[in-house]
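Construct all of the structure, not just a fragment, from the sequences and the given hints.
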Amino acid sequence: MYSYIRRSLTSNAILRVKRNHLPPRPKFTAQMENDCTEVFIHGGSGAGGQKINKTNSKVQLKHIPTGIVVTSQITRSRDQNRKDARERMAYELAKLSTANGSNETPRDIALRQLKQQNKKAKLKKSSKKYEVHKEEKERLEESQRLEDESILGKMLKN
Amino acid sequence: MSPRLHPSLLREARSIHKCLPLLLPECRTIQQAKQELKWLIDGFGSSSNKLQRACIKRYRHVPLQYILGSQPFGSLDIQCKKHVLIPRWETEEWSLNLSNSLKKSMNSMNSMKLNNDWNIVDLCSGTGCIPLLVIKETKKLFVMNSLKVNAIDCSPFAINLTNLNFKRNFNNGLNLKNCNISFNTHKLNILNEVKVKKFISGDLMNRKINILTCNPPYIPPLEFINDVRSSVRMYEPKLALLGNLEFYKNLCFTWIKLDLIESFVYEIGELSQASYVQQNVPHTWVTGVTYDSNNKPRCIFGYNKTTSTNYSTIFNNFLDESYHPQ
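Order-wise, the sequence lines are chains A and B. Residue numbers for the first sequence follow the UniProt record's numbering, beginning at 1 and rising by one. Residue numbers for the second sequence follow the UniProt record's numbering, beginning at 1 and rising by one.
Calculated from the structure, these hints are not laboratory results. Treat each hint with caution, since some may be false.
What the hints assert, rightly or not - Okay, derived cross-link-like pairs now, SDA-like style, lysine to any residue, Cα gap no bigger than 25 angstroms in a straight line:
#, chain 1, residue 1, chain 2, residue 2
1, A, Lys51, B, Lys103
2, B, Lys139, A, Asp79
3, B, Lys296, A, Gly46
4, A, Lys51, B, Pro221
5, A, Lys27, B, Glu137
6, A, Lys54, B, Asp42
7, B, Lys198, B, Asn250
8, A, Lys51, B, Pro220
9, A, Lys51, B, Arg233
10, A, Lys27, A, Arg88
11, B, Lys57, A, Thr55
12, B, Lys18, A, Lys83
13, B, Lys139, B, Lys208
14, B, Lys103, A, Gln80
15, B, Lys140, A, Ile74
16, A, Lys58, B, Leu5
17, A, Lys83, B, Arg233
18, A, Lys51, B, Asn226
19, B, Lys38, A, Arg82
20, A, Lys54, B, Phe224
21, A, Lys58, B, Trp39
22, B, Lys57, B, Ile16
23, A, Lys83, B, Ile41
24, B, Lys257, B, Thr306
25, A, Lys58, A, Ala90
26, A, Lys54, B, Ser2
What the hints assert, rightly or not - Label-pair restraints from in silico Cβ distances:
#, chain 1, residue 1, chain 2, residue 2, range
27, B, Ser230, A, Lys18, 50 to 56 angstroms
28, A, Asn103, B, Leu174, 58 to 64 angstroms
29, A, Thr66, B, His324, 23 to 29 angstroms
30, B, Gly69, A, Lys83, 20 to 26 angstroms
31, A, Arg82, B, Phe224, 28 to 34 angstroms
32, A, Leu111, B, Val143, 40 to 46 angstroms
33, A, Glu38, B, Phe253, 53 to 59 angstroms
34, A, Glu38, B, Arg53, 33 to 39 angstroms
35, B, Gln278, A, Lys83, 33 to 39 angstroms
Glycine included, C-beta positions come from ideal geometry on N, C-alpha and C.
Structure, rendered in structure tokens:
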């Protein structure tokens, strides 16, 4: 009797990724800092100092053991560009050291899943909306048909 | 003068954004013009008339920092206005290095029990970027010890802007509440020795200055016509640009000779200015030159060997932090 009721409890639900619980971004460590050389690209060897007023400052970071080079010039601040270049370098190195060689960090995978999840949810929502529309349309057609039939009936009687 | 822009380049820029050709005379390449356009859009919005007006200003070689009104400087956001020199990345680099070496050596010096109260003076301060960055970077060190910072400039525009920048970056001084730091500005012509003496005896109460920093005007008038970029030549104050040895002479024969300072850091434009200082300091002083990351001589520093404070650690660190020429 008991064994009859008992059933194997399995679930096909995938663990949902949450937007505010993503795996952290890869960090730039002190070890990496030692392995990197930093170059500031100032565009030629012309005048410097007060003579020229540069607006951009490009930072180039090279990781010597792997030969990866990243550059950054997104902000006007050299300080922030340096930080940005380090973030990018940490990301590139994390991509290299992924276990299965898929070139995707855990954060990338989670972000991809999140995207798929959102797409699915959107599709579900829109298909629901269409179902409602479809029902309404059918109901309208039905009533139209009934009305037509009644008019036709009246005309045939005459 | 730079060569003319090829019409095909202008056409290409026009196909990307209608304002992009206006930025090309100053930027020279499409890539850099795009970068500047992005910053201008961040400042003025993408579809407004304001953006177009800003781009037209840029076409007339107005410095981007005057158009946007600010320039990042280390972790600070420095306001920039007409009549005051815009801080350069070279200055940012060496003042960050100086702050870092101060931090490093102070941490190791604390055990040695050295000078408790620090006195830093910045001459020709302009926007006030150097002393404000030093305060921002080293403020955690001055809770028990005190730090007095004075910024001096002879231009009223500069003094007003320095005060504004202090207010903006330190929340009207509220961010320094837990620290023992005071910041003052003075409108003073430092080339006048009598006024300097009055400042030392009055405002500083005859206390010696630990570090004197300065970014003096150092472009010789002859080079001003040939080497200086048109945007700098046309829009930035000549008061802050034109000069050769006046301020280095003033350093040697006023500040050092009258024994007012214990160490100094001066920005330089060329090596001849550094060698002038090196020839004119007394034998008890140690001097050195640092380079910027563009491989140009950028700073002359010096300290008095005979003082009780151990400046050699600070300035050895400063040399280490700086770029080493190849």
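Consistency of the hints with the structure:
1. A:Lys51 / B:Lys103: violated, 31 angstroms
2. B:Lys139 / A:Asp79: holds, 19 angstroms
3. B:Lys296 / A:Gly46: Distance of about 10 angstroms is within 25 angstroms: holds.
4. A:Lys51 / B:Pro221: Judged against 25 angstroms, a Cα distance of about 12 angstroms means the pair holds.
5. A:Lys27 / B:Glu137: holds, 23 angstroms
6. A:Lys54 / B:Asp42: holds, 19 angstroms
7. B:Lys198 / B:Asn250: Answer holds: B:Lys198 to B:Asn250 is near 16 angstroms, not above 25 angstroms.
8. A:Lys51 / B:Pro220: The hint holds at about 10 angstroms.
9. A:Lys51 / B:Arg233: holds, 8 angstroms
10. A:Lys27 / A:Arg88: Within the cut-off at roughly 10 angstroms; holds.
11. B:Lys57 / A:Thr55: holds, 15 angstroms
12. B:Lys18 / A:Lys83: violated, 32 angstroms
13. B:Lys139 / B:Lys208: Cα-Cα ~21 angstroms, so holds.
14. B:Lys103 / A:Gln80: Judged against 25 angstroms, a Cα distance of about 21 angstroms means the pair holds.
15. B:Lys140 / A:Ile74: violated, 30 angstroms
16. A:Lys58 / B:Leu5: holds, 23 angstroms
17. A:Lys83 / B:Arg233: Roughly 33 angstroms between the alpha carbons, so the hint for A:Lys83 and B:Arg233 is violated.
18. A:Lys51 / B:Asn226: holds, 10 angstroms
19. B:Lys38 / A:Arg82: Between B:Lys38 and A:Arg82 the Cα gap is close to 19 angstroms, so the pair holds against 25 angstroms.
20. A:Lys54 / B:Phe224: holds, 17 angstroms
21. A:Lys58 / B:Trp39: This hinted pair holds, its Cα atoms lying about 15 angstroms apart.
22. B:Lys57 / B:Ile16: holds, 20 angstroms
23. A:Lys83 / B:Ile41: Given pair A:Lys83, B:Ile41 holds - Cα atoms ~23 angstroms apart, limit 25 angstroms.
24. B:Lys257 / B:Thr306: Roughly 15 angstroms separates the two Cα atoms, so the pair holds.
25. A:Lys58 / A:Ala90: holds, 18 angstroms
26. A:Lys54 / B:Ser2: holds, 16 angstroms
27. B:Ser230 / A:Lys18: 50 to 56 angstroms: Given range 50 to 56 angstroms: holds, Cβ gap about 55 angstroms.
28. A:Asn103 / B:Leu174: 58 to 64 angstroms: Violated, at about 48 angstroms.
29. A:Thr66 / B:His324: 23 to 29 angstroms: At 25 angstroms between Cβs, range holds.
30. B:Gly69 / A:Lys83: 20 to 26 angstroms: holds, 23 angstroms
31. A:Arg82 / B:Phe224: 28 to 34 angstroms: Hint holds: Cβ distance 32 angstroms, inside 28 to 34 angstroms.
32. A:Leu111 / B:Val143: 40 to 46 angstroms: Holds, since A:Leu111 and B:Val143 (Cβ atoms, about 43 angstroms apart) stay within the stated range.
33. A:Glu38 / B:Phe253: 53 to 59 angstroms: Roughly 40 angstroms apart at Cβ, these two residues miss the hinted range, so it is violated.
34. A:Glu38 / B:Arg53: 33 to 39 angstroms: holds, 38 angstroms
35. B:Gln278 / A:Lys83: 33 to 39 angstroms: 37 angstroms Cβ-Cβ, so the 33 to 39 angstroms window holds.
Violated hints, in rising order: 1, 12, 15, 17, 28, 33; the structure is consistent with all others.
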